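*Asks:* Read off the chains here:
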Amino acid sequence: MSDLFSKPAAKPVSNVPEFSVTELSFELKRTVEGAFSHVRVRGEISGFKRAASGHMYMALKDADAVMDAICWKGNASRLAVQPEDGLEVVATGKLTTYPGRSKYQIVIETMEMAGEGALLKLLEERKKKLAAEGLFDPDRKKEIPYLPEVIGIVTSPTGAVIRDILHRLQDRFPRHVLLWPVVVQGDGAAEKIAAAIDGFNQVREGGDVPRPDLLIVARGGGSLEDLWSFNEEVVVRATAASDIPVISAVGHETDTTLIDFASDRRAPTPTGAAEMAVPVRVDLLATVKDFERRLLSAQSRSLDMKTRHLEGLSRGLPKPDALLQNVTQRLDDVADKLDIGWRSRLQISQHKLDQLSGRLRSPAQLLDSKADKLSSMNQRLIQATKALQSRKSDRFEAMRLGDRLDQSFERLQEKQKSRLDQLAIRLENLSHKKVLERGFAVIQRPDGSLLSSVKAVEAGETVQVQFADGHADAVLGVGSFTQAMEAVRQPDVKKRKKKEKPVEAIEEIETSKKAKKKDTTDDRQDSLF
Amino acid sequence: MSETQEKQPISNMSFETALRELETIVTGLESGDIPLEMSIASYERGTELKKHCEEKLSEARLRVEKISLNPDGSASATEMQLD
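So the protein sequences, as listed, match chains U and R.
Just so we're aligned: the first sequence equals residues 1 to 529 in this note's numbering.
Just so we're aligned: the second sequence equals residues 1 to 83 in this note's numbering.
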């Protein structure tokens, strides 16, 4: 940086034009002030003096050069750093000359701590800016794979760092390592580092080069300036953009670079990065063995437990017989009861039925009994009848009524018969027919009554004249024949016989009366008999 | 969870996934809450996972390759010996 200032000093002065001192001085002033209107200069403060006017005067120096510096009152009060001799600062301002004294100086506008302090401030500002972009957001952090297959390392191929990492990997868990060699400080280092990170992300799966599943960006310890490449934006941005998880391991534990904020994990040292990258294989083997053992024992214990449980349960499980015994007994009991009940019920019913059927006579029986009764009654009747009969018969016999009846009946019969004969003879003798045979006739009215008296005769009366061998009609006491004819239209035969018969009619009546009397007596006798 | 994992072939599983499932299985079996049939299946799977884990652990050899860029900008790797 000091050569910056040697340049104007070495500016060749042409001998051709001739300037006055003033001209030259002002030309120089213009040139200097034009070229260095805003510069940052780093140096140690010496000869610091605060004038009564409030302006501050000092010199900035380094090993080989010194430069006057002035800070006007207005700016002096605003300085962040209080100037003091020996303090290394970075001053910002413009160069100016003072022709009266052939001097140049820097007019300080701002001042800050130089060295690490200045870098740290720069770092802080850059960090703020990048953080504002979200590059350091915690939710951007990717998880480091538990056991990466391929590890990509971005570091110098020479030196302790790569060896440390590889040794630690070998100790813990040997892996496939891809080294992307880079320079880790100086010009172009940051760009190369960023390109390496990008390059690993460009590697496609299944290509000649296996795609790493973890990146380690590492550098050994050094000064802040040495590590500065890892503070460069390009590196930070590449790290933040990496799809592959990145472990940063730059410097020592106390060193912090911006890549550490962008990376997914920050390792204090390169060795630490290797430890983060892989687990310890033997530990894992032990873990797996332990799991295996636990798996076995858990399975067998589980089986044992289940077996015991099963056994316990099966012990607790009553025997099917026992389970059934109670029920069977109850069943038997109930069945017995049912049987008994059924039987007894049947018996009761049977008994009842017997009783009832005992009481129920069959019609035949009923008939038989009735028949018996009847026959016995009949018997009794017969006996009684017989007894009565015999009694009657005895009595009849005893009284000889039969014989007596027969005898008296015969006697009576004979008597009656002789009387009847007599009467028959007398009747025959008295019969009007006999009289009629002797020439008498009987005159009867049409109603059958006998006309026995002339006094009873009415003129013109029609009568029947009974003869022994027949009868003829006649009209009695007729005034005129014509009248008679009108009264009764009768043939002439009857008219002729009329006058001759009244006497005989009387006779006839008497005889018939007598005959009738006889008849009635005969009848009376018959009925009596 | 175990059902979805069972669909994943063990050979494709990462060591960590396999180890985690193995641990889950072991813990589950140790708890004794798993039904018998499932416990047998779990045990078998656990054994396979264990085998897979051991394979992953056995194939451990440090191999270091150095990346160099070809003229076309693609990367190639060459075996590198450490001094």
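It is possible that some hints are incorrect.
When the alpha-carbon atoms are kept at most 20 Å apart in a straight line, the in silico PhoX-like pairs for lysine-lysine are as follows [what the hints assert, rightly or not]:
hint : chain 1 : residue 1 : chain 2 : residue 2
1    : U       : Lys415    : U       : Lys434
2    : U       : Lys29     : R       : Lys56
3    : R       : Lys66     : U       : Lys289
4    : U       : Lys337    : U       : Lys370
5    : U       : Lys392    : U       : Lys373
6    : U       : Lys129    : U       : Lys29
Residues from chain R that face chain U, not an exhaustive set, calculated with beta carbons under 7 Å [said to hold, decoys possible]:
hint : residue
7    : Phe15
8    : Gly32
9    : Pro35
10   : Ser39
11   : Leu57
Hints in this document: simulated from the structure, not taken from any laboratory.
Source: prediction; values computed, not measured.
All C-beta atoms in this analysis are idealised placements derived from N, C-alpha and C, irrespective of residue type, glycine included.
*Asks:* Compare the structure with each hint and give your call.
*Replies:* Verification of the hints:
1. At most 20 Å may separate the alpha-carbon atoms for a hinted pair to count; U/Lys415 and U/Lys434 exceed this at roughly 27 Å.
2. Between U/Lys29 and R/Lys56 the CA atoms are separated by roughly 75 Å; this puts the pair beyond 20 Å, and the hint is violated.
3. Restraint check for R/Lys66 and U/Lys289: the C-alpha separation of about 35 Å exceeds 20 Å, so the hint is violated.
4. The hinted pair formed by U/Lys337 and U/Lys370 fails the criterion: a straight-line CA distance of about 46 Å is larger than 20 Å.
5. Proposed proximity of U/Lys392 and U/Lys373 is contradicted: the alpha carbons are some 27 Å apart, above 20 Å.
6. With a CA separation close to 38 Å, the supplied pair U/Lys129 and U/Lys29 exceeds the 20 Å bound.
7. For R/Phe15, the interface hint holds, the least distance from its beta-carbon to any beta-carbon of chain U being 4 Å, beneath 7 Å.
8. Checking R/Gly32 against chain U by beta carbon gives a least distance of about 5 Å; that is within 7 Å, so the hint holds.
9. Of the supplied interface hints, the one on R/Pro35 is violated, with its beta-carbon coming no nearer than about 9 Å to a beta-carbon of chain U, more than 7 Å.
10. Because the closest C-beta pair between R/Ser39 and chain U is about 5 Å apart, less than 7 Å, the hint holds.
11. For R/Leu57, the shortest C-beta to C-beta distance to chain U is roughly 5 Å, which falls under 7 Å, so the interface hint holds.
Of the numbered hints given earlier, the model fails hints 1, 2, 3, 4, 5, 6 and 9; all others are met.
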